[in-house]
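Since each chain sits alone in its own frame, please combine them into the complex, following the hints.
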Amino acid sequence: MSAHHPAAPVGGKLLNTATLVCGVLVAAMLAVLFVRFLFGLGAVTNLNDGYPWGIWVVVDVIIGSAFACGGFSVAMLVYIFNRGHYHPLVRPALLASLFGYTLAGVGVIFDLGRWWNFWHILWPGYANPNSVMLEVALCISAYITVMWIEFSPVFMEKLGLKVAKAKLEKVLFVFIALGTLLPMMHQSSLGTMLVVMGPQVNPLWQTPIVPLLYLLSAIVIGYGVVLFESCVAASAYRREIETHLLQPMAKIMLGVLAVFLAIRVGDLVVRGALGHALAPTLEAFFFWLEMGCFVAPFLIVATPGARRNPARLFLAGVAIMMGGILLRINGFLIGYDTGLGVDYGWNYFPSIAEMLVTIGMFAAEVLGYIVITRRFPVLPREEVAH
Amino acid sequence: MTTRRDFLRGCLASGAAAAAAVAPAPACARDTLQRPPEGLGLLYDATLCVGCQACVAACKRANENPAEFTAMDKLWDTPLDTSGHTFNLIKMYRNGTMETKDSELNGFSFMKTSCMHCADPSCVSACPVSAMQKDPETGVVGYDPDACIGCRYCVAACPFGIPKYQYDSPTGKIGKCELCRHRHKDGHYSACAEVCPTGATLFGRTEDLLAEAKRRLALKPGEWTTIPRGRLRHAQEKVLAGGEDGKGQKHRHGWRDEPDQSYQAQVGNYLQHVYGETEYGGTQVLKLSAVNFQKVGLPDLPPKSSAATSETIQHTLYGGLIMPIAVLAGLTWVARRNVVPEADEKKGDQS
Numbered sequence: 001m002s003a004h005h006p007a008a009p010v011g012g013k014l015l016n017t018a019t020l021v022c023g024v025l026v027a028a029m030l031a032v033l034f035v036r037f038l039f040g041l042g043a044v045t046n047l048n049d050g051y052p053w054g055i056w057v058v059v060d061v062i063i064g065s066a067f068a069c070g071g072f073s074v075a076m077l078v079y080i081f082n083r084g085h086y087h088p089l090v091r092p093a094l095l096a097s098l099f100g101y102t103l104a105g106v107g108v109i110f111d112l113g114r115w116w117n118f119w120h121i122l123w124p125g126y127a128n129p130n131s132v133m134l135e136v137a138l139c140i141s142a143y144i145t146v147m148w149i150e151f152s153p154v155f156m157e158k159l160g161l162k163v164a165k166a167k168l169e170k171v172l173f174v175f176i177a178l179g180t181l182l183p184m185m186h187q188s189s190l191g192t193m194l195v196v197m198g199p200q201v202n203p204l205w206q207t208p209i210v211p212l213l214y215l216l217s218a219i220v221i222g223y224g225v226v227l228f229e230s231c232v233a234a235s236a237y238r239r240e241i242e243t244h245l246l247q248p249m250a251k252i253m254l255g256v257l258a259v260f261l262a263i264r265v266g267d268l269v270v271r272g273a274l275g276h277a278l279a280p281t282l283e284a285f286f287f288w289l290e291m292g293c294f295v296a297p298f299l300i301v302a303t304p305g306a307r308r309n310p311a312r313l314f315l316a317g318v319a320i321m322m323g324g325i326l327l328r329i330n331g332f333l334i335g336y337d338t339g340l341g342v343d344y345g346w347n348y349f350p351s352i353a354e355m356l357v358t359i360g361m362f363a364a365e366v367l368g369y370i371v372i373t374r375r376f377p378v379l380p381r382e383e384v385a386h
Numbered sequence: 001m002t003t004r005r006d007f008l009r010g011c012l013a014s015g016a017a018a019a020a021a022v023a024p025a026p027a028c029a030r031d032t033l034q035r036p037p038e039g040l041g042l043l044y045d046a047t048l049c050v051g052c053q054a055c056v057a058a059c060k061r062a063n064e065n066p067a068e069f070t071a072m073d074k075l076w077d078t079p080l081d082t083s084g085h086t087f088n089l090i091k092m093y094r095n096g097t098m099e100t101k102d103s104e105l106n107g108f109s110f111m112k113t114s115c116m117h118c119a120d121p122s123c124v125s126a127c128p129v130s131a132m133q134k135d136p137e138t139g140v141v142g143y144d145p146d147a148c149i150g151c152r153y154c155v156a157a158c159p160f161g162i163p164k165y166q167y168d169s170p171t172g173k174i175g176k177c178e179l180c181r182h183r184h185k186d187g188h189y190s191a192c193a194e195v196c197p198t199g200a201t202l203f204g205r206t207e208d209l210l211a212e213a214k215r216r217l218a219l220k221p222g223e224w225t226t227i228p229r230g231r232l233r234h235a236q237e238k239v240l241a242g243g244e245d246g247k248g249q250k251h252r253h254g255w256r257d258e259p260d261q262s263y264q265a266q267v268g269n270y271l272q273h274v275y276g277e278t279e280y281g282g283t284q285v286l287k288l289s290a291v292n293f294q295k296v297g298l299p300d301l302p303p304k305s306s307a308a309t310s311e312t313i314q315h316t317l318y319g320g321l322i323m324p325i326a327v328l329a330g331l332t333w334v335a336r337r338n339v340v341p342e343a344d345e346k347k348g349d350q351s
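Residue numbers (my numbering), protein chains in the order written: chain V, 1 to 386; chain C, 1 to 351.
I should point out that these hints are in silico values taken from the structure, not numbers from a laboratory. Any given hint could turn out to be false.
[Said to hold, decoys possible] Simulated coverage check for chain V against chain C, where a stretch passes if three residues somewhere in it have a Cβ under 8 Å from a Cβ of chain C:
1. 45-57
2. 74-87
3. 123-129
From a predicted model like this one, the values you see are computed outputs, not experimental measurements. Idealized CB from N, CA, C, for every residue including glycine.
Bound conformation, chain C alone (with noise of 0.2 Å):
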């Protein structure tokens, strides 16, 4: 028998329901996570860069990937994006007459595409078999091929287009820069910055890296200033392990000791403004560039990170499944009444 107060029955079920979709909960509320102390990245300095690709080249070694071609002749490396084979690329933006460089009317200026490990990274909220981790004292956002199912949520999910799908073959995996972190325990860095000419790119703490970078933004432009290359050494950073005799590897902090590889160059036009520094929570990797960084291919994003605002949703609704078991709670209980065994109905329709 249906009466009105059934009725309104169902209507309190699946409207605390859908009342439990819009409702906020602040005690779920998720808040954007920040770098960890320790973090490892890079600095990219685009007016420093001179577009060499020597780092596309090493970064290639380094991660056993073999050479792209766009080109007619198939004769060297010519990716036109990252890929599942290409991890890290120096992508070039041109303006008209192209006379001038770091300018952004008639000129050029350079700009290098790979994982800025993220704060909070979009691709380690969405996988959802944790193929993608972020190391809680490193930072870095590694890939594990053997928990990934290959959904590729993690690429529709980055905002910088990083991770990236094998398409070309049947067992694709997923290729995105890891920051070289296989080569970290003999003591080797990110193969871009190791092999960078110029100090563009600039391996370190995350933390020394964006001084180093507000450095540079507090001087003037064309002044001559100090430009470390290679790793960026932390100021009390002390030899910890090689041979007293200057014999043997010398380590400090884990990593291999190199002679000092600074040099003398002239300050760039820079944009007020450190890249990653605070987009969607922060990047490890930073980025300074004299043309608008929207213009080099970089998203606008705010310091609030969409995972931060996906997981509020989602535990909100989910947290402790306290939510759907209420609701199921109330749904079993209607349900009860409503569901008439057919013997029983048939019995009820006859009499």
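Same shape as in the complex, but just chain V (with noise of 0.2 Å):
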């Protein structure tokens, strides 16, 4: 923690508004899902056998864990490209990030239609290691728990563990060269998932380089990410923004995206996918959305100066999360089609009910965010005012 930004405690009431609509947002969640256990899955989700996976799969846990790569992305920044500086951005990001994972993790036993089986997955006797699924669920299980440690320094200091921490803090680097590891390996896993559907994918989304399109898209999210929830906390609190270090970032963000851009056009060329996107269909239409959303960080935040102003940056950030919403919407709801059944096809749009899951899990980050940041050291003391 640089000695220039200690840590420290937002403080204020914990009951207002925003905790309280969140509050509510929760319980409608906790209502559907005692529905849904009750009564099984169909009760409440409009899922089907064309389209097994919805939102909860799709949103709550590939897009969440997405969102939730800002920790890793700034802790790789500071710790393995040793850019110090960003330090002060360390603990939110990892923050949300603890949150956006453990929720993903919680959210997965929603979906799982023989929950109480759910422990066979970290079972050696039940695993199958061709699986991609496997991979993805051991990883992200190590990672959830590899992040509550690297977190934990947060709640020693509140509690005066001094010892602890300062034993912890000595073995820090084995858990953040595995909070750097286990991302990578899940995040890029996690697009790997559509490799085996096969041509069930639009060609626009099934290439065998998906993993690498999805470790660097997660990379590019987690800076957008941490690009928006530093303007959504400086304004809720009435802080003051860390432009001086989101300026820099910004600009590495746009060098990962460019790469992730070249990468993604270049695969496309040579599998000669391109011509899927110039089809008049609903696939091509959503594959230049999410063109759109990945482009646009370049013409938002091109320069030193439009890097300065919040509004932007925030834009960026925005861009950027709906690029990779859409990444991984097109890829396994849009472009996904199990193209059978002679008599009738097979469509998929979210029920209120499967909504309100999603948005209560959202509800539950962002009120686990304002309580920890409220009451534990997290955001960087506010200096006065020069």
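Spelled out as structure tokens, the structure:
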């Protein structure tokens, strides 16, 4: 933690409009889940055998965990690329990641049709090492544990456990290395999950290099989320925005984004799949929407001046997040078509109840973020105005 | 202190990780699996099918599945597609006036929908908890509900849309054809083939079925030929058990002995393709049709299975955990130099 910006609790009341709204949304989610566990998935979701995975998997887990890559992206910048001056961004980003991943892990259980067997995925006797999903599940479980360890100095600080904290910090580098490796592994594998679905996935999103695309996009999304969160936290808590850190970080983000786009387009050209993007289809429309979102940051925050403008940083962050959402929704839902049925095709659009659960999950994340930042030393201590 | 060297070191570490993600390692390449030599399967000949749905009813009974209603009057089983409670269905292709059977234009045709028992099944590759397994001898793709976590990755992975989940139950299972493997020990074979009146669905070893399919394709459309029904007997098959006085159940290779049910029928106007011979490395259920296979609901699949592609990627990256451990070692080495305990860092800053 940089001496210039030690972390401190924000303080203030825990009960306010924001936490109240989040609380109500979480309660609505719990009501839906009660019905789901009592009567089955069909009672609340629009899932069907043509679309066995809906927003509980694609949004809550696949997109939710990508949004939780802020901690990974910033920690990699600070500890692997040794950019120590970004340190004030580590704790808040790690906190958001902690919540994102923990909830994604819990959210999986809502979707599991035979959830009481959940432990099988961690039990060697049942393991299928050929399954991409096994790798994702083990890796995410390990990463959640590692992140709680990485974040535990915050609680130790609050509880005054100085000796324990000092001991942990001596070996923290091991967990930081693990905390960089594990997201690389499962964020890429989340993309590899598409490969076994074969020709059911539109060629615009079905490629053998999909793990690399998902990994690079997760890193970019990580920076995008940090931009988004820093702007929202600054505005909600009426704090000064860390422009001096966000400006250069946004530049790094653009660099990684450029690499991603070059590989994405290059792959489409090499595989000869670009034709699918020019067809008058829904898939092509969503492809261009996705590309638009990924290209937009180059227009919004191209110059150092633009990158000092908080509104532009915020917009760039949102564009990246939208691109990340679309890349994943396009691969798993829009571009997925089991394509069978002589008599009728399959359709899926999430039910209100399904959306309430997804919204409730994000509300739980926001609620946890507010409570912890107000009571624990996460955000950089606010300096007296110069 | 941030130095250019540290930065480059970081680039090197993550560059290696990225390279690891793309670099092909031929040693880990996993070829498409082939059918086991004694693999069992079905041969469905659409030109022989009369659409009576006896196989659908027999499948329901054999698997103790409930009727599914889609009509206003809930009088009989009317599923529109296979589901968690319907493992076998005859679907119909319709075109124009529907005058001629097995004609693509102004005609109609039937197609059986049930598990293809792939040589290299996507569902087996996808399942994280080994609930979907392919029997190494019979090649039957079986499901174990006690292992299953209900993630439905098998449902998403199957290109034939076969594994289906029971969404209407809080304890729903995956439902799919398992070739009546639970009836094999009593000498019974697949119920759908057992009851088929025209031999459109025929049970047997896939190798024998493939030979039979090719025999039919070689014949001239319209000429008369012998069509077996029920179970296709292997040419060298002998009676193995049963009393010499003719009493008691006779068994042939473990199957109940039945009288020869073959009959004379006219050869259909086949497309010269045995669906399932090569698709995804081959399937144990084979199909013959006079109408384009894609038009009757079967996907156009390459000879390479997607399970092979997926597992090649996965084992290239994670085989023996060599790559992750190497990357972790690099990252740990870099992180150790860069992670400064807070107390030390404060001192450094103050000095």
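Has the segment 123-129 of chain V got at least three residues whose CB is nearer than 8 Å to a CB belonging to chain C? Contact hint for the segment 123-129 of chain V vs chain C: holds, 3 residues under 8 Å.
Quick one: see if chain C covers the segment 74-87 of chain V, three-plus residues with Cβ-Cβ under 8 Å. As far as the segment 74-87 of chain V goes, the hint holds, because 9 residues have Cβ atoms under 8 Å from chain C.
Whether chain C covers the segment 45-57 of chain V (at least 3 residues having a Cβ closer than 8 Å to its Cβ atoms): With 7 residues in contact (Cβ-Cβ under 8 Å with chain C), the coverage given for the segment 45-57 of chain V holds.
In the structure shown, no violation is registered for any of the earlier numbered hints.
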